[in-house]
Amino acid sequence: MPHAPTSCFLAALCTAAALAAVAACSETDASTSAADDGTGVGGGATEYPLTIDNCGREVTFEAPPENVVIMNGASVGEVESFLVLGVEDAILANAQSYGISEDPAMVERIAALPDGGLTLNENFDVPAEQLLALEPDLVISTAAGGFDPAYGFAPRDELAAIGANSLITPANCALGATDATAEQQEAFANASVEDSYALLRVLGRVFDVQDKAEEVVADMTARIDAVEAAVEGTERPTALIVYPGMSMMNANGLPAVMAGGIFDDVLHRAGTLNSFADDADVTASLSQEQLAAADVDLLVVGGFTPGEDLDAEAQALFEAYPDWAASRTGSYVTVSDGVYLGPLNALAIEKIAQSAHPDRL
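So the sequence shown is residues -20 to -1, 1 to 341, counted in mature numbering (1 follows the signal peptide of the UniProt record, and there is no 0).
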């Protein structure tokens, strides 16, 4: 299971969020490349060699990768995307797992994947020496910081030297990067459900499962569109996403409040409005007074480790913040991985919408 984000590396990712070549493969600087990022609508068979521009780096695949390492990054969006696309047999080692999921079947499926015998370092991800020893042909990180040697991770150049390609989730080129472009920073700040589709599509191209990627995207889109149609024209209650188990992300030890980017988009598509939609930059240092003064009609309680009693956490928050409208009405819903970038957004959107608009769904 993932560790709570207490390390310097994951703390740096939280800060960034608040601020907004060999035979089988090769990578080069893509600053002057005509290659696209691989996230466009696809279909049919992939033609190899395939070259994509990933976060300003040109990555070329001669064939679908067969020995993939998925870095942790406190994410499950990448490994879950592999599973829904049916390409999990290519995984050599997976470091991602939450232990709970919007889709309960995901927990068992992720647990069954090989872990490569990896031991995560003090920054809760795969250290360079272990990663290089596995001799992967592709390494995937949810964030640019997953390839930062300052945190003990293998840089992309070093991976390329042993014949390993590397990919960063397209929406997160700026996450943990020290040299992100303005365009990458804007893309990260404005991340949405569309970026979950983008991840599926780039993986669909790389692994020659474009039709499956489009099938998954079409299903997600249809379900989300149905929710949006059902709640159209209704008054939007305010909703607060909190993860009590991630309190170490807040400078004052409060439950982690999720705002901005895809969190706002998920809530909006569910017919609600993030309580901190206009103040996402303050959530990392949110004070108890600011949290108490928040406008909260619906509490969205998130969990990421097994054993968390989210119902009890909701009641504890209601007692701690009695001035919330949600505290007076007892209005809350529980979520886990579906509010993050990944293939389960539709499940979370449906759950939140059903709680916010029970008369419409």
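Misleading hints may appear alongside valid ones.
[Stated by the list, open to error] Taking CB as the label site, the calculated pair distances span:
(1) 170 - 214: 21 to 27 Å
(2) 84 - 202: 31 to 37 Å
(3) 233 - 66: 29 to 35 Å
(4) 191 - 268: 48 to 54 Å
(5) 46 - 272: 35 to 41 Å
(6) 162 - 24: 31 to 37 Å
Please keep in mind that the hints were generated in silico from the structure rather than gathered at the bench. All C-beta atoms, glycine included, are put in the ideal place defined by N, C-alpha and C.
Requested in this report: Given the range 29 to 35 Å, decide if the beta-carbon distance of residue 233 to residue 66 lies inside it.
Outcome: violated, 42 Å
Requested in this report: Take a look at whether the Cβ-Cβ distance between residue 46 and residue 272 falls inside 35 to 41 Å.
Outcome: violated, 53 Å
Query raised in the report: So the hint says 21 to 27 Å: do the beta-carbon atoms of residue 170 and residue 214 match that?
Result: Between residue 170 and residue 214, where Cβ atoms are some 25 Å apart, the hint holds.
**Report entry** Range hint 31 to 37 Å (beta carbons of residue 162 and residue 24) holds or violated
**Finding:** The hint (31 to 37 Å, Cβ to Cβ) holds, given that residue 162 and residue 24 are roughly 34 Å apart.
Query raised in the report: Does the Cβ pair residue 191, residue 268 satisfy 48 to 54 Å?
Result: holds, 51 Å
Requested in this report: Starting from the hint 31 to 37 Å, judge whether the C-beta atoms of residue 84 and residue 202 obey it.
Outcome: Since the Cβ atoms of residue 84 and residue 202 sit about 22 Å apart, the hinted range of 31 to 37 Å is violated.
Of the numbered hints listed earlier, those contradicted by the structure are 2, 3 and 5.
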